[in-house]
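Heads up: the sequence shown at position 40 corresponds to 40 in the working numbering, and the numbers run straight through without jumps.
To be clear, the hints were calculated from the coordinates, so they are not data collected in a lab.
These numbers were taken from a predicted model, which means no experiment stands behind them.
The C-beta atom is built at its ideal place from N, Cα and C for all residues, glycine as well.
Watch out, some of these pointers could steer you wrong.
Said to hold, decoys possible - Straight-line C-alpha distance at most 27 Å; calculated DSS-like pairs for lysine-lysine: (1) K104 x K55; (2) K144 x K55; (3) K104 x K198.
To be verified - Label-pair ranges, simulated between beta-carbon atoms: (4) Q138 x R33: 45 to 51 Å; (5) F259 x V11: 24 to 30 Å; (6) T268 x K169: 43 to 49 Å.
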Amino acid sequence: MLAPISILGIVIELVSATFQNLGLNLQRLAHRRQIQSREIASNFNKKINYCRNPKWFFAMFVYIFGVVLDFVALAIIPLTVTLPVGSVGIGLNCVFARFLLHEKFTLYDGIGCFLCVCGACFVIGLQVQEMDQIGIVQLREIFKNEGLWFFGSMIVIIILLFFISIFWKNAFTAGIMPGITSVFTIMFGSIIGQMTLKTLGGDNQMIYIEYWACLGALIIFLLLMNEFLQRANSKYDNMIIIPIFFTSTLLLNILSGIFFFKYLSGITVVQGVLFGVGIFLVICGCIALSINHIGIKEDNLGSLVNLGDDFVNQQADDNDHVYKVLEMI
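Put together the whole structure using the sequences plus the hints.
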């Protein structure tokens, strides 16, 4: 049986995934409404600033609430479990994208959702043990040997991907960039969450400079992840961005759980096989979700060409001027 604290962490992660995916789709909807507005249509030469959009701020609040819950879950259960469990959110993303954004939902999307949920169930079956909370001693030990090499390698990868994304612009590079920055966000979020819990338990960790360095790194990477995610969210459909974003986040964070935090060092062979099968199913689900959405192209003002037939017909009169502007571009 799962420990009660592990069950609580899994429930919190599921709620977190719901709010994060709802927030991302509401942000996409806010971008789309801003693009369609008469003000943007008449000033198409001006850069769209989502920070001036009140609807985007509401959507961002919903997303941040989900992120906060994610950090709470990370303080309770390992990230090697929170991420596969959070894959259920990909199915929720398909539902939100279909009914909020009128994006097409196909047979492959249904298969992808089913595989992601099955993969999450395999991972939940690991019978997760309670974690030893990270303190200053454990943190200093982490940044030695394999942990330091992993951290340095991730920094090199993110720099290379950034330059690649400048010259090779498509949905894949757009989705991978927020995915890899989220790895650092989750790593430092997990550290800060556990050290804060340790502080609340009477062992003050805030007196060490490492705590504040990790907090500063968390804020920096959180801002970077949000910026990359907003760029991708405003240019490509969520049906393709979210699976790419999540798959890259999942794979890299599994590696960080193995080499950085070493969460899987105590599992049995059977548990390792179940975990591997679960991760494989999640990846297959993400691929299935992406099959029918790979051909989506970037537009200077965002995607107005992939709204779905019903939505286009409904908004045809209001968007007529916007289409003329896009043709001029």
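A quick look at each hint next to the structure:
1. Between K104 and K55 the alpha-carbon distance is near 24 Å, which keeps this suggested pair within the 27 Å criterion.
2. Annotation: proposed proximity of K144 to K55 is violated, straight-line Cα distance about 45 Å (limit 27 Å).
3. Proposed proximity of K104 and K198 is contradicted: the alpha carbons are some 46 Å apart, above 27 Å.
4. As the Cβ distance of Q138 to R33 is approximately 47 Å, the hint placing it in 45 to 51 Å holds.
5. A C-beta distance of roughly 28 Å is found between F259 and V11, which places it inside the suggested range of 24 to 30 Å.
6. Between T268 and K169 the C-beta distance comes to about 45 Å, which sits within the given range of 43 to 49 Å.
In this structure, the earlier hints numbered 2 and 3 are contradicted, and the remaining ones agree with it.
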